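Colleague: Listed below are the residues making up each chain.
There are 2 protein chains.
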Amino acid sequence: MPYRVVVSGELAKLFGVLSHPIRIRIIEELQQEDLTVGALREILDISHAAASQQLAVLRSHHLVIEKRQGRNVFYHLHNPALAKWIMAGLVFILPDRREVDQISSAIKNVQEVWGKDLKPKKSTTVKKSQST
Amino acid sequence: MPYRVVVSGELAKLFGVLSHPIRIRIIEELQQEDLTVGALREILDISHAAASQQLAVLRSHHLVIEKRQGRNVFYHLHNPALAKWIMAGLVFILPDRREVDQISSAIKNVQEVWGKDLKPKKSTTVKKSQST
DNA sequence: TACAAATATTTATATATATGAATATAGCGA
DNA sequence: TCGCTATATTCATATATATAAATATTTGTA
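Taken in sequence, the protein lines are chains E and H. According to the numbering used here, the first sequence holds residues 125 to 256 in order. According to the numbering used here, the second sequence holds residues 125 to 256 in order.
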């Protein structure tokens with residue numbers, strides 16, 4: 125198979141995995157610190173099953189790594205550069221005129237939160253509580 | 125709307141647009157030189173309508189710009205950095221064991237072709253002939 | 001046992017894509 | 001100017017795919 129076809133196919137798959145808001149948010153949250161499924165569920169305000177499913181998609185493409193710790197499963201990025209690379213893609217977002225203000229101010233906010241230099245990882249810190 | 129939601133949604137849309145092999149190949153081909161629909165059709169070996177449709181997707185997200193010239197319509201990248209950014213995503217492709225060799229050699233090949241320094245653009249050069 | 005997470009299944013929805021036909025636009029020649 | 005051809009876009013339709021959300025079930029662990 126011609127290599128261009130192989131590679132464009134693989135890239136397309138990668139982009140497919142990234143083409144969901146929840147999965148992007150998971151990746152950005154994981155850049156800050158390792159998190160359990162329950163913690164992500166809470167942060168993203170989604171059901172447990174949903175969090176698990178989206179993590180499974182990321183896992184199946186080796187973008188995140190799971191690490192069991194007691195009854196919790198912590199996730200971290202296989203390659204933290206992924207989160208940075210995604211942020212670099214922000215410049216290619218070209219909203220339509222009417223949304224320009226709203227979206228570009230949102231981008232600025234997000235760059236401060238997701239884009240700033242990272243705190244030293246507290247990877248094994250367990251959140252105190254976790255409901256449902 | 126919380127800005128994280130806005131931005132992750134916009135990014136997801138962008139990734140969605142890029143999650144098709146043909147569209148990726150179009151972007152990489154356009155990095156080398158501006159091309160007409162017919163030229164792309166030929167290079168990618170797809171139908172004329174298919175080329176036009178995929179270009180419409182890219183156009184609707186402002187990733188490519190059309191410029192009419194006589195009876196041809198030339199396309200170019202709105203932001204050539206897009207092609208480079210996509211190539212930078214290659215490092216996040218983590219194939220399964222069995223495909224590792226095939227895919228990583230394909231990636232190497234592609235990096236030579238799509239990743240090398242660009243020739244000065246001959247943007248308005250019209251291809252001599254064009255069948256079908 | 002009870003909790004956390006993963007897995008499996010189903011359902012519903014959306015979406016993409018290929019194809020062929022119709023339409024539009026531009027250049028060319030009589 | 002009037003056709004004729006080349007190029008490109010659009011539309012309609014059928015098919016395929018995917019995809020997500022919801023639910024239920026299972027597994028592992030304290």
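Because the hints were derived from the structure by calculation, they are not lab data. Among these hints, one or two may not hold up.
Treat identical chains as interchangeable: a pair holds within one or across any two.
[To be verified] Simulated pairs of lysine-lysine, DSBU-like, Cα-Cα distance not exceeding 30 Å: (1) Lys191 <-> Lys208; (2) Lys208 <-> Lys137; (3) Lys208 <-> Lys232; (4) Lys191 <-> Lys240; (5) Lys137 <-> Lys232; (6) Lys137 <-> Lys240.
Remember, it's a predicted structure, so these values are computed and weren't measured experimentally.
Colleague: If a hint holds in the structure, say so; if it does not, say that too.
Modeller: Here is how each hint holds up against the structure:
1. Proximity of Lys191 to Lys208 under the C-alpha cut-off of 30 Å is restricted to the intra-copy arrangement: shortest distance 22 Å within a copy versus 33 Å between copies.
2. Taking the shortest Cα distances, Lys208 and Lys137 sit within 30 Å of each other both inside one copy (19 Å) and across copies (18 Å).
3. Both within a single protomer and between protomers do Lys208 and Lys232 lie at most 30 Å apart by alpha-carbon distance, with minima of 15 Å and 23 Å respectively.
4. Taking the closest pair of Cα atoms, Lys191 and Lys240 come within 30 Å of each other only inside a single copy of the chain (26 Å); across copies the shortest separation is 39 Å, beyond that limit.
5. For the homomeric pair Lys137 and Lys232, the shortest alpha-carbon distances inside one copy (28 Å) and between copies (18 Å) are both at most 30 Å.
6. For the homomeric pair Lys137 and Lys240, the shortest alpha-carbon distances inside one copy (28 Å) and between copies (23 Å) are both at most 30 Å.
The structure is consistent with each of the numbered hints, conforming to all of them.
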